[in-house]
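Undergrad: Read off the chains here:
Protein chains: 2
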Amino acid sequence: MTSVDFWYDFASTYSYPSAMRIEKLAAERDLAVVWRPFLLGSIFAEQGWRNSPFNLFPNKGRYMWRDLERTCARYDLPFNRPDPFPQNSLLAIRTALALDEARRPEFSRAVFRAEFEFGKAIAERSTLAEILTGMDLHASAVIEDAALPAVKQKLKTEGDAAKRLGVFGAPMLVTDEGELFWGHDRLEEGLDWAVGRR
Amino acid sequence: MTSVDFWYDFASTYSYPSAMRIEKLAAERDLAVVWRPFLLGSIFAEQGWRNSPFNLFPNKGRYMWRDLERTCARYDLPFNRPDPFPQNSLLAIRTALALDEARRPEFSRAVFRAEFEFGKAIAERSTLAEILTGMDLHASAVIEDAALPAVKQKLKTEGDAAKRLGVFGAPMLVTDEGELFWGHDRLEEGLDWAVGRR
Numbered sequence: 001m002t003s004v005d006f007w008y009d010f011a012s013t014y015s016y017p018s019a020m021r022i023e024k025l026a027a028e029r030d031l032a033v034v035w036r037p038f039l040l041g042s043i044f045a046e047q048g049w050r051n052s053p054f055n056l057f058p059n060k061g062r063y064m065w066r067d068l069e070r071t072c073a074r075y076d077l078p079f080n081r082p083d084p085f086p087q088n089s090l091l092a093i094r095t096a097l098a099l100d101e102a103r104r105p106e107f108s109r110a111v112f113r114a115e116f117e118f119g120k121a122i123a124e125r126s127t128l129a130e131i132l133t134g135m136d137l138h139a140s141a142v143i144e145d146a147a148l149p150a151v152k153q154k155l156k157t158e159g160d161a162a163k164r165l166g167v168f169g170a171p172m173l174v175t176d177e178g179e180l181f182w183g184h185d186r187l188e189e190g191l192d193w194a195v196g197r198r
Numbered sequence: 001m002t003s004v005d006f007w008y009d010f011a012s013t014y015s016y017p018s019a020m021r022i023e024k025l026a027a028e029r030d031l032a033v034v035w036r037p038f039l040l041g042s043i044f045a046e047q048g049w050r051n052s053p054f055n056l057f058p059n060k061g062r063y064m065w066r067d068l069e070r071t072c073a074r075y076d077l078p079f080n081r082p083d084p085f086p087q088n089s090l091l092a093i094r095t096a097l098a099l100d101e102a103r104r105p106e107f108s109r110a111v112f113r114a115e116f117e118f119g120k121a122i123a124e125r126s127t128l129a130e131i132l133t134g135m136d137l138h139a140s141a142v143i144e145d146a147a148l149p150a151v152k153q154k155l156k157t158e159g160d161a162a163k164r165l166g167v168f169g170a171p172m173l174v175t176d177e178g179e180l181f182w183g184h185d186r187l188e189e190g191l192d193w194a195v196g197r198r
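Taken in sequence, the protein lines are chains A and B. Going by this note's numbering, the residue at position 175 of the first sequence is 175; the numbering climbs one at a time, nothing skipped. Going by this note's numbering, the residue at position 133 of the second sequence is 133; the numbering climbs one at a time, nothing skipped.
Any given hint could turn out to be false.
In silico lysine-lysine, PhoX-like type, Cα no more than 20 Å apart, as pairs [as the list claims (entries may be wrong)]:
id : chain 1 : residue 1 : chain 2 : residue 2
1  : A       : Lys60     : B       : Lys152
2  : A       : Lys60     : B       : Lys120
3  : A       : Lys152    : A       : Lys163
4  : B       : Lys152    : B       : Lys163
5  : B       : Lys60     : A       : Lys163
These are calculated hints, taken from the structure and not from any lab test.
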């Protein structure tokens, strides 16, 4: 089965609608999705940004919130603006990486919903614990795993891979042949490309 | 007839497919388009950018060129990468503003084609003169008009209006109620919104 890599960060706003919609769209195309959480902030830092560009450039930020609200309405996704923004996504990403790959999509969607639907602080251990418990997992064991050197190393390796592929934002679809599709608005186009529909 | 404002800069890459496609899409919706060329560079300068963000952030630039190439292929638009990039669009914008509003769309599409289809330097008087002559206009008279104080003032007024509306990039659709739609990928959505389809 052909697959496509889905790079996302829990702090990234347009990653939310993408994460909520991608599996259905991929299934319609007989396509498998590899969920690859990564720390977008470290790529931004290399560009000299110590904050989200949506905070650094206020007009762009105002536009993004309105556009995201319209986008969510369009796809019947609940939307609440996270406060503060951006949320610190480090622990959630590490936890996603500590999980078995098969549970990562479910966990990731639950984190996005906690953040953008229920207005919870995803940097909090308790938010993640509640999600893990809801998945019938041993929450404190998983969160302890998230602090293991192997997981920190995985986070670094994934970040390096993202940079090597030319990933500069999220969400980003990357096909087997290295074709990049940036943003929720390229979701269908990227999935089509991955299955040879150009 | 309902109308929508189409803000664009000849130096803006995604303004090209938007300019080539907007009139047909608007006509299908019984919508009038008001063509409003403006100097995006002066808005970028206020954000501290003295060059195109696509040059300042190389990964983003590489992505944009590939994405634009795919986009143009998708809509059967010829595509050649302008060199140098960005082109200096000041004279072309002033010339567009010096023209009667009714001739502005035709002139603007011809400038975009000169730049992205035929690889011409749009900063050159001769490129613009050829376009104007092709429109049965008195080229040197129009280009002289483009240097009039009234036209320079109009350029400034339009730039101020763009800032006031929150325009931070191009192309940008702005509806009567002040709703913004940024980018070629929001073209259909913005036109739909302008005619009340949400």
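Undergrad: All hints are to be evaluated individually against the structure, with a verdict given for each.
TA: Checked hints:
1. A threshold of 20 Å between alpha carbons decides the hint, and for lysine 60(A) with lysine 152(B) the separation of about 27 Å lies outside it, so the pair is violated.
2. Restraint check for lysine 60(A) and lysine 120(B): the C-alpha separation of about 32 Å exceeds 20 Å, so the hint is violated.
3. Between lysine 152(A) and lysine 163(A) the CA atoms are separated by roughly 17 Å; this keeps the pair inside 20 Å, and the hint holds.
4. For the proposed pair lysine 152(B) and lysine 163(B), the alpha carbon gap of about 17 Å is at most 20 Å, so the pair holds.
5. Under the criterion of a C-alpha separation no larger than 20 Å, the hint pairing lysine 60(B) with lysine 163(A) is consistent with the structure, at around 12 Å.
Of the numbered hints listed earlier, those contradicted by the structure are 1 and 2.
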